[in-house]
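I would like the entire structure built from these sequences, with the hints used as guidance.
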Amino acid sequence: CGLNFLSEEGSIGQEQCYCRKGYIRDSQRPICEECIEGIKCDEPIVNSSVVPMEREYYQLTVTRDNVSNGMETTTYAATLTNLPVVIHCPFKKACLGTDEETGLTKCADGHQGFVCGVCKDGYARQGPQQFCLPCELGLNILAAIGLIVVSFAAIFGLTYFAERAGAKSRDDVISVLLKLGLNHLTSISVLASLVLTMSYDDDRFSVVLSTSSRWFTWDGGLPFAYASWDCIIRLVRSDMKRTAVLWRH
1 CGLNFLSEEG SIGQEQCYCR KGYIRDSQRP ICEECIEGIK CDEPIVNSSV VPMEREYYQL
61 TVTRDNVSNG METTTYAATL TNLPVVIHCP FKKACLGTDE ETGLTKCADG HQGFVCGVCK
121 DGYARQGPQQ FCLPCELGLN ILAAIGLIVV SFAAIFGLTY FAERAGAKSR DDVISVLLKL
181 GLNHLTSISV LASLVLTMSY DDDRFSVVLS TSSRWFTWDG GLPFAYASWD CIIRLVRSDM
241 KRTAVLWRH
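At position 169 of the sequence shown the residue is numbered 169 (the UniProt record's numbering), and the sequence of numbers has no breaks.
It should be emphasised that the hints constitute simulated quantities derived from the structure, not laboratory data.
Among these hints, one or two may not hold up.
Claimed, not checked - Here are the simulated lysine-lysine pairs, DSBU-like style, with alpha carbons at most 35 angstroms apart:
1. K21 / K92
2. K40 / K93
3. K92 / K120
4. K40 / K120
Fair warning: this is a prediction, and the values are worked out from it, not measured in the lab.
This is the structure in structure tokens:
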């Protein structure tokens with residue numbers, strides 16, 4: 001077989017040779033290359049169609065009629081690349097290693113596509129470092145919109161009554177109330193961004209911040225853990241189910 005190769009007893013050809021642990025076979029040449037970061041090589045890789053990957057890594061795939069009969073497969077299994085093309089997932093917890101049945105990268109629930117960075121139909125998220133969560137029923141989303149309208153009505157109502165009862169001029173009252181409202185919204189936004197980013201991307205903060213996030217964000221249940229605007233757009237415009245993506249920055 002050659003340097004760093006192994007084979008089972010009774011093998012009759014080079015195609016039955018595979019590399020020892022720590023190495024992976026070149027798909028186009030009979031040589032073994034050292035495994036790169038992201039590939040699990042603690043055991044010999046016998047089947048080139050199923051290359052075990054570490055969590056947080058994605059193996060590049062291809063879907064072409066003349067390569068894999070229209071089925072999605074890895075570029076390495078399709079012999080389009082000499083070695084697996086390994087990419088570190090921007091959102092680490094979306095990539096869960098290799099599916100032993102398909103040889104493709106397993107994505108977290110609700111995730112799909114390149115580096116598991118796209119939400120499936122019926123799912124949405126508020127940023128690239130957050131999980132895709134299921135869109136709630138249309139009634140819940142409309143109720144959230146209604147709550148926003150009621151909140152603004154309450155602000156203007158309080159402004160009106162404060163202007164009538166207060167001794168200050170109208171402009172001063174409105175200015176004070178607007179400043180209070182903006183300060184409140186800014187504080188909540190900062191806390192929500194901190195919680196949603198750090199709790200998902202760093203295990204050290206996951207327990208504490210994930211629990212506290214329920215007070216500032218909406219995961220589809222009670223407002224407002226996950227007021228995803230792309231869920232709302234998809235509800236209103238069914239023709240935008242695959243194109244509506246809005247991220248909060």
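Problem - Hints violated by the structure (numbers, ascending) - result: none
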